[in-house]
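If you want the building blocks of each chain, they are given just below.
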Amino acid sequence: MAGSRMKLELTRVVQGRGRLGVLKGLGKTGQHSLEVPGCLLYTHLGTVPHLTQDTLHTLSKLPSVTQVTLSQIVEHQEVLEEFKDGFRKFAGLHDTVLYCSLHDPAAPCPTGYTTNKTVSVWGSSGRIELTVAKFMALQKTVQPDWYQSMADGETWQNNASRKRVRKSVDRTLAHLDECLLVHQNSQELEAVEVFGVVEGGDILEERVRSARETAKRPVAGFCLDGLQTGSMDQALRTQLIIAVTKELPEDKPRLLQGVGRPDEVLACVEAGVDLFESFFPFLVTERGCALCFSFGISPDLERAVRASPAVLELNEEGDTARDTQLNGDLILDDQTQMTYFEINLKEKRYQDDFRPVVEGCGCYCCKNHQRAYLHHLLVTNELLAGVLLMIHNTAHYHGFFVAVREALAKDKLDVLKRGVLGERGGQTERKD
Amino acid sequence: MVSRNMAACVECGVDRNAAVNNMPVKKALSAAAPLTLRIVAECTVTKARACDLLLPHGTVSTPVFMPVGTQGTLKGITVDQLEGLACQICLGNTYHLGMRPGSDLIEKANGLHGFMNWKKNLLTDSGGFQMVSLVELSEVTEEGVKFKSPYDGKEILLSPEKSISIQNSLGSDIMMQLDDVVSSTMTGPRVEEAMHRSIRWLDRCIAANKNPDKQNLFAIIQGGLNADLRKTCLDEMTQRDVPGFAIGGLSGGEEKDDFWRMVTLSTDHLPREKPRYLMGVGYAVDLVVCVALGCDMFDCVFPTRTARFGSALVPWGSLQVKHKQYAKDFQPIDPDCQCPTCKRHSRAYLHALFKSDTAAMHHITIHNIAYQLTLMRSVKQSIVEGRFPEFIQMFMRRMFPSRDQYPSWAVDALASVNITLE
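Going line by line, the protein sequences match chains A and B. The numbering of the first sequence is the numbering used here, which starts it at 1 and goes up by one. The numbering of the second sequence is the numbering used here, which starts it at 1 and goes up by one.
No lab work stands behind these hints: they were computed from the structure. One thing to keep in mind: the hints can contain errors.
[Unchecked claim] Each computed SDA-like pair below joins lysine to any residue, with the alpha-carbon atoms no more than 20 Å apart: (1) 252(A) x 53(A); (2) 322(B) x 306(B); (3) 355(B) x 123(A); (4) 355(B) x 320(B); (5) 119(B) x 85(B); (6) 120(B) x 96(A); (7) 355(B) x 93(A); (8) 355(B) x 109(A); (9) 355(B) x 364(A); (10) 134(A) x 120(A); (11) 89(A) x 328(B); (12) 343(B) x 28(A); (13) 28(A) x 92(A); (14) 120(B) x 368(A); (15) 231(B) x 272(B).
Full structure from sequences and hints, please.
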């Protein structure tokens, strides 16, 4: 775009793909930056789930970019139009970069509702159909710093035909062109960036075509859509990402949608992804679980973390969760199911466990509360359970991204992978 | 830990508003009750007083509203947020906590303070009220309240000894005696029986308290809506050496005319140097009137419960944030409110957020607690500055659109303490 200031400065590229750097020039005045690989702040209508600003700001080093989704905003369009000052101010968010995506990565989006000219989003009061005109009118009222272009992302299901996939790539490119046309003629969007969307389902040639064509447009970065957890296994996802990123310019960021599990994040970082959405800690919170995986890379720290009972115990119990995960084909991976990276604090064994969720964790939850208390809040259905878990899970997840960057900087991604995946680091066969 | 300066004496502060009083300035309490009441000021017109109540976990300014944290948590609010609102005391419910997670576990966690990591004071009820209101199959005998656990169906007896034993495990700063609770609208011999039984149970509770040097036990005045029964109960209970008194058996759907008369009768006969706690009262008008009638402490689930339904408390009543009329209202809930919610968010945003996230409830909960605590601080300030009568006039004018909408019971109650509403 004419006014594009967003700039990706890479400091290191590992094995030709894994990228370490800083995304600079973010925000209206360009004063914000975001380290990559990194994640955005996941929100419901600008609010990190369960958290007020007070509780959110017990967390240090929050990502400078807040993600809001059009699916939640669309039903408030009239309100925002009357408000006039954009969504950021409406939501009481003062000092953050605002990114507006199309769908909520944590909410399933029913398929079968796109046409050549429209896509549908699902808000709290049901389906709303968007044309490019409506989509762009929304962007003008939301006034984000950057937004995802309108896209037909319905081809993530593994039964999508080649014809359907081709159509989705064509439609998405057409939507992008239309969006860009409106964008360029809208003064109020002058300093706003657009991310083009790469589609193509699980068909390599379509992925490559989508990437190549999108890269020709004046976009600031790329959303990799239709690769979310549950749509395909990691081997295929890695293969597609590698093929796609080959077609994309080095100096523009790649945001992967719908992938949040730490093991998948690591694999995708290695394949060349820069940005992730942080909806994973929210999913973990909603099932009453706490993230509890090791991500130390310096040998001392790693030993310290590993020696803590929390992590040793995790490894024991991880077997069950992990086996469930790796049981059979991964295609129908259920996002509501507990993963290897968390503990279920509702389990009776935590009833009289007076340790923090994660020993040594510096978050408000771990510094102030014990597993026994969280267990009690969960079994009594108290609202504070969600608050405390969301604080911890967010802190833990963001800590993991810090570790990913550190590992890339020190060339220790393998060490990190072993730590995150446990003793069998990276092995995929079952051990029974 | 109880520090040394929580001495077992009552100091009646000398102040310019103090009415003539015949009470001794210092009066020995029970062996070492960890409570000191310093009367900072007394209203010269009404029976209102402003005090500092020194408890093991810090000083509580009265009149005070105590938010209710039923299950060891205040509905989505962290203990730091609660402290940030300058809350000095909150409630826990013995019945709920005794059931889950159980008193043994809480004892292991260093009491309820340790379990929920709350550094200020805690008050626990006796569990009796919930038993009668929540549990259908309960039976009251001289021994105690017998009921079936709703969790495992086991028969449980909550005796005065058992209630105190649980409250000792919880380690609250103020414990409540087990009383025989009957509906406030009940009449006849059952009310009298319950009153007498509550006196006998008070004696058993006093005898059962293992930590009289760390935990205060309050008596609960019963007697329904019958003045003679109330008076008998007051005569008997005030002879007991307890550090404080609660006025119980009210706020249960009785006529407000009966309610305030029982309150004022009680404060007329309660000793000046001990705190008076009016149980279950939390509407703003009730609070202001009952402060004028001489009550110091109040609790109610209303402000926090109503918050979760989107009802925000404001000086002119309440505001239903979920109502459509606020969808495009870009002001804060109360432009004069200094709470974190009002300083950051508009009615319109909260209205929208209610459809998307539980944090909307937390925002209103915080606002409502702030409203209650601020109201009580303003009340105290006005008593200290000798302008409580003027405060009441202003408060009522703001709360009601016109004079003829003032509830008659409030007009009468205030008239009884020399306030004629303008």
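Task: 20 Å limit on alpha-carbon distance, applied to hinted pair residue 355(B) and residue 364(A) - done: violated (27 Å)
Task: Agreement of residue 322(B) and residue 306(B) with the hint, judged by alpha carbon distance not exceeding 20 Å - done: Roughly 12 Å separates the two Cα atoms, so the pair holds.
Open item on the list: With the threshold set at 20 Å, check whether the alpha-carbon distance from residue 89(A) to residue 328(B) stays at or below it.
Closed with: holds (14 Å)
Open item on the list: What's the verdict on residue 355(B) and residue 320(B), does the C-alpha distance respect the 20 Å limit or exceed it?
Closed with: The hint holds at about 14 Å.
TODO: Quickly compare the C-alpha distance for residue 343(B) and residue 28(A) to 20 Å and report which way the hint goes.
DONE: Violated, because 24 Å separates the two Cα atoms, which is more than 20 Å.
TODO: Take the C-alpha atoms of residue 120(B) and residue 96(A), compute the straight-line distance between them, and say whether it is at most 20 Å.
DONE: Violated, at roughly 35 Å.
Open item on the list: Against the 20 Å threshold, does the CA-CA distance of residue 28(A) and residue 92(A) hold or violate the hint?
Closed with: Answer holds: residue 28(A) to residue 92(A) is near 17 Å, not above 20 Å.
Open item on the list: Can you confirm whether the C-alpha distance between residue 119(B) and residue 85(B) stays at or below 20 Å?
Closed with: holds (14 Å)
Open item on the list: For a C-alpha distance cap of 20 Å, please report whether residue 120(B) and residue 368(A) respect it.
Closed with: holds (15 Å)
Open item on the list: Next pair to validate is residue 252(A) with residue 53(A); report whether the Cα-Cα distance is within 20 Å.
Closed with: Given pair residue 252(A), residue 53(A) is violated - Cα atoms ~31 Å apart, limit 20 Å.
Open item on the list: Would the hint linking residue 355(B) and residue 123(A) be met if the CA-CA limit is 20 Å?
Closed with: Distance ~9 Å between residue 355(B) and residue 123(A) Cα, so the pair holds.
TODO: Please work out if residue 355(B) and residue 109(A) have their alpha carbons no farther apart than 20 Å.
DONE: holds (18 Å)
Comparing the model with each earlier hint shows violations of hints 1, 6, 9 and 12; every other hint is respected.
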